[in-house]
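Participant: Each chain, written out:
Protein chains: 2
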Amino acid sequence: MRDFLPEDVRRRQYVIDVVRRVYERYGFEPLETPALENIETLTGKYGEEGNQLIYKVLRRGEGASTGETDLALRYDLTVPLARVVADNRGKLPKFFKRYQIQPVWRADRPARGRFREFYQCDVDAIGSTSPVVEVEMIAAVSEVLQALGFKDFTVQLNHRALLTAMLDAAGVEAAKHADALIAIDKLDKIGHEKVKEDLVARGIQRRAADACLSAFEDLNAFDAMVRKSELGASASANVAAIMTLADATPAAGHVKFTPRLARGLSYYTGAIMEIAVEGIGSLGGGGRYDGLIGMFSGEQIPACGFSLGLERILVVMGERAMFSADVDKSGPDVLVTIFDEMTIDESLRLASELRGGGLRVEVYPETLRSGKDLGKAFKYADTRQARFVAVLGAEEVNLGKVKIKNLSTGEQQAVPRASVVSALAHRPSAIGHRPSDIVDRPSDSE
Amino acid sequence: MRDFLPEDVRRRQYVIDVVRRVYERYGFEPLETPALENIETLTGKYGEEGNQLIYKVLRRGEGASTGETDLALRYDLTVPLARVVADNRGKLPKFFKRYQIQPVWRADRPARGRFREFYQCDVDAIGSTSPVVEVEMIAAVSEVLQALGFKDFTVQLNHRALLTAMLDAAGVEAAKHADALIAIDKLDKIGHEKVKEDLVARGIQRRAADACLSAFEDLNAFDAMVRKSELGASASANVAAIMTLADATPAAGHVKFTPRLARGLSYYTGAIMEIAVEGIGSLGGGGRYDGLIGMFSGEQIPACGFSLGLERILVVMGERAMFSADVDKSGPDVLVTIFDEMTIDESLRLASELRGGGLRVEVYPETLRSGKDLGKAFKYADTRQARFVAVLGAEEVNLGKVKIKNLSTGEQQAVPRASVVSALAHRPSAIGHRPSDIVDRPSDSE
Numbered sequence: 002m003r004d005f006l007p008e009d010v011r012r013r014q015y016v017i018d019v020v021r022r023v024y025e026r027y028g029f030e031p032l033e034t035p036a037l038e039n040i041e042t043l044t045g046k047y048g049e050e051g052n053q054l055i056y057k058v059l060r061r062g063e064g065a066s067t068g069e070t071d072l073a074l075r076y077d078l079t080v081p082l083a084r085v086v087a088d089n090r091g092k093l094p095k096f097f098k099r100y101q102i103q104p105v106w107r108a109d110r111p112a113r114g115r116f117r118e119f120y121q122c123d124v125d126a127i128g129s130t131s132p133v134v135e136v137e138m139i140a141a142v143s144e145v146l147q148a149l150g151f152k153d154f155t156v157q158l159n160h161r162a163l164l165t166a167m168l169d170a171a172g173v174e175a176a177k178h179a180d181a182l183i184a185i186d187k188l189d190k191i192g193h194e195k196v197k198e199d200l201v202a203r204g205i206q207r208r209a210a211d212a213c214l215s216a217f218e219d220l221n222a223f224d225a226m227v228r229k230s231e232l233g234a235s236a237s238a239n240v241a242a243i244m245t246l247a248d249a250t251p252a253a254g255h256v257k258f259t260p261r262l263a264r265g266l267s268y269y270t271g272a273i274m275e276i277a278v279e280g281i282g283s284l285g286g287g288g289r290y291d292g293l294i295g296m297f298s299g300e301q302i303p304a305c306g307f308s309l310g311l312e313r314i315l316v317v318m319g320e321r322a323m324f325s326a327d328v329d330k331s332g333p334d335v336l337v338t339i340f341d342e343m344t345i346d347e348s349l350r351l352a353s354e355l356r357g358g359g360l361r362v363e364v365y366p367e368t369l370r371s372g373k374d375l376g377k378a379f380k381y382a383d384t385r386q387a388r389f390v391a392v393l394g395a396e397e398v399n400l401g402k403v404k405i406k407n408l409s410t411g412e413q414q415a416v417p418r419a420s421v422v423s424a425l426a427h428r429p430s431a432i433g434h435r436p437s438d439i440v441d442r443p444s445d446s447e
Numbered sequence: 002m003r004d005f006l007p008e009d010v011r012r013r014q015y016v017i018d019v020v021r022r023v024y025e026r027y028g029f030e031p032l033e034t035p036a037l038e039n040i041e042t043l044t045g046k047y048g049e050e051g052n053q054l055i056y057k058v059l060r061r062g063e064g065a066s067t068g069e070t071d072l073a074l075r076y077d078l079t080v081p082l083a084r085v086v087a088d089n090r091g092k093l094p095k096f097f098k099r100y101q102i103q104p105v106w107r108a109d110r111p112a113r114g115r116f117r118e119f120y121q122c123d124v125d126a127i128g129s130t131s132p133v134v135e136v137e138m139i140a141a142v143s144e145v146l147q148a149l150g151f152k153d154f155t156v157q158l159n160h161r162a163l164l165t166a167m168l169d170a171a172g173v174e175a176a177k178h179a180d181a182l183i184a185i186d187k188l189d190k191i192g193h194e195k196v197k198e199d200l201v202a203r204g205i206q207r208r209a210a211d212a213c214l215s216a217f218e219d220l221n222a223f224d225a226m227v228r229k230s231e232l233g234a235s236a237s238a239n240v241a242a243i244m245t246l247a248d249a250t251p252a253a254g255h256v257k258f259t260p261r262l263a264r265g266l267s268y269y270t271g272a273i274m275e276i277a278v279e280g281i282g283s284l285g286g287g288g289r290y291d292g293l294i295g296m297f298s299g300e301q302i303p304a305c306g307f308s309l310g311l312e313r314i315l316v317v318m319g320e321r322a323m324f325s326a327d328v329d330k331s332g333p334d335v336l337v338t339i340f341d342e343m344t345i346d347e348s349l350r351l352a353s354e355l356r357g358g359g360l361r362v363e364v365y366p367e368t369l370r371s372g373k374d375l376g377k378a379f380k381y382a383d384t385r386q387a388r389f390v391a392v393l394g395a396e397e398v399n400l401g402k403v404k405i406k407n408l409s410t411g412e413q414q415a416v417p418r419a420s421v422v423s424a425l426a427h428r429p430s431a432i433g434h435r436p437s438d439i440v441d442r443p444s445d446s447e
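Here the protein sequences come in this chain order: A and B.
Counted the way the numbering used here counts, the first sequence spans residues 2 to 447.
Counted the way the numbering used here counts, the second sequence spans residues 2 to 447.
Heads up, some of the hints might be wrong.
Where chains are identical, the list cannot tell them apart; a pair therefore holds if satisfied intra-copy or between any two copies.
Stated by the list, open to error - List time: in silico DSS-like cross-link candidates among lysine-lysine, alpha-carbon distance up to 27 Å:
1. K152 <-> K380
2. K373 <-> K402
3. K257 <-> K330
4. K257 <-> K229
5. K190 <-> K152
6. K95 <-> K197
7. K92 <-> K373
8. K197 <-> K402
9. K402 <-> K377
10. K330 <-> K92
11. K197 <-> K152
12. K92 <-> K380
13. K92 <-> K46
14. K330 <-> K95
Since the hints were made in silico from the structure, they are not lab data.
Based on the provided sequences and hints, a complete structural model is requested.
Facilitator: Have a look at this one:
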């Protein structure tokens, strides 16, 4: 688990703000749920492996000594959503579209871009089976990626029922479908031959394994296989509709039908999708899950969701230098110094005025008792990457002026107090700071 | 613990954004720390009562069966800050000013405006003993409250050394000071007589208790008592400097020297402060703590902090109707409907265009197969508090127009497709929605 220092938080906040802005425009509304859920809400939802990765909280008071647990840390954002929908029947819109950007916790071994505390950015749309839901979701996610500066992404699209129909046609018995999907999911990573071995090792006949793998080589063959069942034909039409309609959205040109896409989670029932970036892998994925909410509410409510991995996006954007200088800009616009005990109030007033003009202002808290102190203040201004240093001595106060030094140009001038806000606010942001020369103490000449 | 539905999140986000904007202008920088800390980091920092309220997380793997714990949920934002400062020596600025807005967890009994998961908004300034630090902090907190719309707040100011000097002068032995402060802290709640009983019950002599309570009645008497010691005299000068300098900031007129202010936490060493709002009580508090960081880093580093209670602020702002309609505005600007299967793509294109114009757009996902369906869509638009409904039938597509209904006026018109974004973007926000009449299906006349 990590601390986020200011430069990290600024980047995270920037990405989160972009995600939020785009999702708001798509009519998704914000939801937040508590970090701690009742343990029964989480257990049994993520498979045996998932169960092991849940952080469990010790019961307080009486149960404490026996090691009993009653609460657990949020493991994803989908199960809490399903609980909220069940808890708030009648209070939520018929077509509830929510986004949720919060951390989740998994007691996993950390790896590159994978942490035990990490943020997910989820959108889910509840209440409709229309393909418009998938299209809008793909469009929203594409627009998020475009707004962040990604151009080379693909929205891989597939459908669980297509995979079912294909496996049936290939002669894989229904009881082996889940096993087969786990093997197929690794095609990109380990290749054709190893997946075939894996399929056979999982008890699937060699002929069926061959038939199924060759279907991924030839779209027409795949299509012919899935159309053998009504379920497959209808899923095929659904995928075609999503592909066509996506062309009318910002996702145009990014969606690619990808028969081998399987997605790990067992609760998907319809279209499934994943964002792939060349040379990077997945930045997130999702799909339709028409059964999960029923586990909480008792009533079947259709749903479709997509989860973006914030940590992965941040790592890639960092590696590709996709953050503008503006996002990474830290430090104050102006460092206001305090000349002596008698002018502290004037310096504070100046700071207030500059802040009133929207500037980020830091007051150097120590009084400058000597030229050496002033040197320290300027050195500090450099390490803080301040754009300007303001010096306000007794002379300047009397003249109604402020001495301003631009740390990127080294330029120094006395600016009338009344126009200092506009003078600093309208200057172009300084780029490429260099260590400043030390100016004279303004009243040493007195 | 609570779920935050969209209307809750919007209010929370609004307050957090205001806090962030003001703190940024004061040169505070964002920090975030993980929810889980090593258990040793937290234990022994919050007193015996605090220890009981820490949520402890069960060890994974081997220790799991024995009920062993190794991690714990963040209890406040100050101890994590002290750890971060110790962990990042040399990486942080000499005068590190950070703000942190994150949830903390306490296994407390919930009460009005008090929850087991709640957000704190902390600012802390590390590295300087200058009173400018306290002044800037009081100014920043005052500006936050003003920006949120609070006018009737007081920043109560006191100093731990003043209390020490007063208790000495009143004849309370040093070993009883902590006890005495706990009793005095209740003066506002339970009154003079009961505090006196409490002081006596805690083993403080009746004469000393009398002397100490009468000091709070008369500022001059208090002043005379504290000036008997050098420590008291210097603390008095410190408080006077803070009061005077605060007048040069947005805190002017809000700061009040409050001798009876004691603050619960034991780690304060200098000025202490609390925000009081008439009829409401405290919205937050803070003070100087020059010893705490040394517990982690081994080196004494001066520090001063202030914590605003987000939950309390939200409750009060809700009760006082301080949120503008703009903050509470939920629902889309436009609900785009889908006329039939042939025009889905046109409706999606329209939605994209409107979103490109910055509008919040929801697409009603179901195709309108009948006037009854259209009625449902309009009813849905009303429940969602949409400002406009857009209907785009084959006729409109052919004419290059969109039928737009304003749900607050009931006005309905066909707008040329090319100008629909500007037409909707520039209309004043509709206030006071009323159930809309149902418009005719646009192409029923065909």
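Participant: Does each hint fit the structure? Answer for all of them.
Facilitator: Hint-by-hint comparison with the structure:
Proximity of K152 and K380 under a CA criterion of 27 Å is satisfied in neither setting, with 41 Å inside one chain copy and 39 Å between copies. In this homomeric assembly, K373 and K402 come within 27 Å of each other (Cα to Cα) only inside a single copy, at 23 Å, whereas the closest approach across copies is 72 Å. Taking the shortest alpha-carbon separations for K257 and K330, neither the intra-copy value of 38 Å nor the inter-copy value of 37 Å comes in at or below 27 Å. Taking the closest pair of Cα atoms, K257 and K229 come within 27 Å of each other only inside a single copy of the chain (23 Å); across copies the shortest separation is 82 Å, beyond that limit.
Taking CA atoms no more than 27 Å apart as the test, K190 paired with K152 passes inside one copy only; the shortest distance there is 23 Å, against 62 Å between copies. Within a single copy, K95 and K197 get their C-alpha atoms no closer than 45 Å, and across copies no closer than 60 Å, so neither meets the 27 Å cut-off. Proximity of K92 and K373 under a CA criterion of 27 Å is satisfied inter-copy only: 23 Å between copies versus 65 Å inside one chain copy. Proximity of K197 to K402 under the C-alpha cut-off of 27 Å is found in neither arrangement, the shortest distances being 80 Å within a copy and 56 Å between copies.
Taking the closest pair of Cα atoms, K402 and K377 come within 27 Å of each other only inside a single copy of the chain (23 Å); across copies the shortest separation is 66 Å, beyond that limit. Taking CA atoms no more than 27 Å apart as the test, K330 paired with K92 passes between copies only; the shortest distance there is 17 Å, against 43 Å inside one copy. In this assembly of identical chains, the alpha carbons of K197 and K152 never lie at most 27 Å apart, being 34 Å within a copy and 72 Å across copies at closest. In this assembly of identical chains, the alpha carbons of K92 and K380 lie at most 27 Å apart only when taken from different copies (15 Å versus 57 Å within one copy).
Taking the closest pair of Cα atoms, K92 and K46 come within 27 Å of each other only inside a single copy of the chain (25 Å); across copies the shortest separation is 42 Å, beyond that limit. Within a single copy, K330 and K95 get their C-alpha atoms only as close as 43 Å, which misses the 27 Å cut-off; across copies the closest is 18 Å, which meets it.
In this structure, the earlier hints numbered 1, 3, 6, 8 and 11 are contradicted, and the remaining ones agree with it.
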